[in-house]
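**Q** Work the whole structure out from these sequences, hints included.
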Amino acid sequence: MSEPAAVSVDVAREGPVAILTINNVKQRNAMTMAVKAAFFPALEAAVDDPAVRAIVVTGAAGTFSAGGDVSIFGETTPPKGRQIVYDQRRYLHLMVRGETPIVAAVEGFAFGAGFGLAMAADHVVAARDAKFCAAFNKIGLMPDAGLLWTLPQRVGAGRAREMLMCASVLGAEEGKRLGVVDTLAEPGQALEAALAKARRLAEAAPLAIGAIKSAFGRFPLDLEDVFGFELDAQPALMASADAKAARQAFFAKQKPVFKGA
Amino acid sequence: MSNDAPTVLRDQDGAVAVLTVSNPRRRNAFAPEVRAALVGHMRDIADDDAVRAILITGAGGTFSAGGDLSTMQDMNAFQGRERIRAGRGMVEALWSSEKPIVAAVDGFAFGAGLSLALLADWIVAGAEAKFCASFGKVGLMGDMGLFWTLPQRVKAGKARRILMLADVVDAAEALKIGLVEEVAPTGEAFARGMAKAQAFAEAAPLPNRLTREALGQFPAPLDDMLAYEAHGQGLLFGTQDAQDGFAAFLAKQKPAFKGA
Numbered sequence: 001m002s003e004p005a006a007v008s009v010d011v012a013r014e015g016p017v018a019i020l021t022i023n024n025v026k027q028r029n030a031m032t033m034a035v036k037a038a039f040f041p042a043l044e045a046a047v048d049d050p051a052v053r054a055i056v057v058t059g060a061a062g063t064f065s066a067g068g069d070v071s072i073f074g075e076t077t078p079p080k081g082r083q084i085v086y087d088q089r090r091y092l093h094l095m096v097r098g099e100t101p102i103v104a105a106v107e108g109f110a111f112g113a114g115f116g117l118a119m120a121a122d123h124v125v126a127a128r129d130a131k132f133c134a135a136f137n138k139i140g141l142m143p144d145a146g147l148l149w150t151l152p153q154r155v156g157a158g159r160a161r162e163m164l165m166c167a168s169v170l171g172a173e174e175g176k177r178l179g180v181v182d183t184l185a186e187p188g189q190a191l192e193a194a195l196a197k198a199r200r201l202a203e204a205a206p207l208a209i210g211a212i213k214s215a216f217g218r219f220p221l222d223l224e225d226v227f228g229f230e231l232d233a234q235p236a237l238m239a240s241a242d243a244k245a246a247r248q249a250f251f252a253k254q255k256p257v258f259k260g261a
Numbered sequence: 001m002s003n004d005a006p007t008v009l010r011d012q013d014g015a016v017a018v019l020t021v022s023n024p025r026r027r028n029a030f031a032p033e034v035r036a037a038l039v040g041h042m043r044d045i046a047d048d049d050a051v052r053a054i055l056i057t058g059a060g061g062t063f064s065a066g067g068d069l070s071t072m073q074d075m076n077a078f079q080g081r082e083r084i085r086a087g088r089g090m091v092e093a094l095w096s097s098e099k100p101i102v103a104a105v106d107g108f109a110f111g112a113g114l115s116l117a118l119l120a121d122w123i124v125a126g127a128e129a130k131f132c133a134s135f136g137k138v139g140l141m142g143d144m145g146l147f148w149t150l151p152q153r154v155k156a157g158k159a160r161r162i163l164m165l166a167d168v169v170d171a172a173e174a175l176k177i178g179l180v181e182e183v184a185p186t187g188e189a190f191a192r193g194m195a196k197a198q199a200f201a202e203a204a205p206l207p208n209r210l211t212r213e214a215l216g217q218f219p220a221p222l223d224d225m226l227a228y229e230a231h232g233q234g235l236l237f238g239t240q241d242a243q244d245g246f247a248a249f250l251a252k253q254k255p256a257f258k259g260a
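So the protein sequences, as listed, match chains L and B. When you number the first sequence by the numbering used here, it's gap-free, plus one each residue, and the end is 261. When you number the second sequence by the numbering used here, it's gap-free, plus one each residue, and the end is 260.
Everything labelled a hint here was simulated from the structure, so no lab data went into it. Keep in mind that the hints are not guaranteed to be accurate.
To be verified - Derived list of chain L stretches under chain B, where covered just means 3 residues or more per stretch with a C-beta under 8 angstroms from a C-beta of chain B:
| no. | stretch |
| --- | --- |
| 1 | 72-81 |
| 2 | 134-146 |
| 3 | 159-170 |
| 4 | 216-228 |
Claimed, not checked - Simulated crosslink set (DSSO-like; lysine-lysine; CA at most 30 angstroms straight-line):
| no. | chain 1 | residue 1 | chain 2 | residue 2 |
| --- | --- | --- | --- | --- |
| 5 | L | Lys26 | B | Lys155 |
| 6 | L | Lys213 | L | Lys255 |
| 7 | B | Lys155 | L | Lys131 |
The model shown is predicted, which means the values in this text are computed figures rather than measured ones. Glycine included, every Cβ here is placed at the ideal spot set by N, Cα and C.
**A** Set out below in structure tokens:
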């Protein structure tokens, strides 16, 4: 077993935007047990903080995340493996269903569980030379970290099947064309571009953003369920102070400032 | 049996089983014999450990012109129902396959031929291939799973246009809208399809059995997929292939997966 490296998930604030940086550079920011143990509380604190209106997830030293910690896999029993994978639902739930919008800033590699992490974000910014891969098959495993749910929503069935089953590597520019990447940035500029996107998301009406994330998080919804959700959620938004203030601002031709109330 | 009797021919190239739809008198239309032969081959392939991937194509430079209208004359509603049930058997044989499927499409993939191609995990089209949900031309709706498969590859507006107007989509547009994943120069669709089928065949087969089954549940809620990936991954941690995969990864070597 390899020596446990000193790892952290660093949290920085830039106004209403929280930046979570996976810092496990020795293992190319692999989503090891230690990283996941640090990532979940950092994410939870950001999601729970009403002053945080958007979150950027990124990796330190020019790479997003190279996947998992293969060095411990050999001694992982099936029940333990199942538990390790199932525990990922805690941060995946928070990313997908938490009410704070999340932007992934991807430089270098987003492989394996790192790819899953990027795909769980609402918006993916990638450097032109970034690479994505569901690398699991290369070591005899199946995709996890939510990719069976997230990837087919972003790319067509054939492309998703090939990426998940052949573990092919996708460059960011082709990823943009196919829907894996939402915004391209020059190499080294992904974080800056992600921050620009996060600032815009931070200015959007937070209660509405939360409701939208809640709806997307329930994919797939049939039409009846969509109507039901609209009926439940929209009246509360209509009665919110933010919506009232925004209506006044609209008629006064001013820009509303949303407070999340 | 004469050479132009409707059937599906089976061949083997390494770990790839090649299934060739052949009904030369009707541009490879899906006569009942074609359906039965395809289902039979899929059943055999499921039990054949030497097969790791399947390549489906059509004989004589065309994929398939669709249902066999000549056998639909004077068909009453219950006979039609039997026809659709038989079609369902073929859809299920492909949908439930634990081995990945590549379609190499030259010429026409019309009607049921389009439906068949869309059940593949990867579609390579020849540069001159043409796709059409031609059902509307003969007063029918799309079938053989099109309402499930088509919207997974193309966006809602395109799917509606393809299904409601029966517009013919050429290979270049098919690539652009996501109907196919790859376009090959004329005459090279089969070779490109074989290359992709070999890539699928070289991948670790056990994870892909689970992955294919999970993707067959599309669309499923997040929690269903998170539970599926945890159960499946747990199983896989106990396989020799995964152990070999971990060791090869750490030794920076390429593993040879045995499916065990």
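**Q** Next, verify each hint and record whether it holds.
**A** Evaluated hints:
A count of 8 residues in the stretch 72-81 of chain L with a Cβ less than 8 angstroms from any Cβ of chain B is obtained; the coverage claim is therefore met, three being the minimum. Remark: the stretch 134-146 of chain L is confirmed as covered by chain B, as 11 of its residues place a Cβ nearer than 8 angstroms to a Cβ of that chain, reaching the required three. Taking a C-beta to C-beta cut-off of 8 angstroms, the stretch 159-170 of chain L contributes 9 residues in contact with chain B, enough for the three needed, and the coverage statement holds. With 4 residues carrying a beta carbon less than 8 angstroms from a beta carbon of chain B, the stretch 216-228 of chain L meets the three-residue requirement, and the given coverage holds.
Pair hint lysine 26 of chain L plus lysine 155 of chain B does not hold up; C-alpha atoms about 42 angstroms apart against a cutoff of 30 angstroms. Taking the CA atoms of lysine 213 of chain L and lysine 255 of chain L, the gap is near 23 angstroms; set against the 30 angstroms cutoff, the hint holds. For a cut-off of 30 angstroms, the pair hint linking lysine 155 of chain B to lysine 131 of chain L stands: about 25 angstroms separates their Cα positions.
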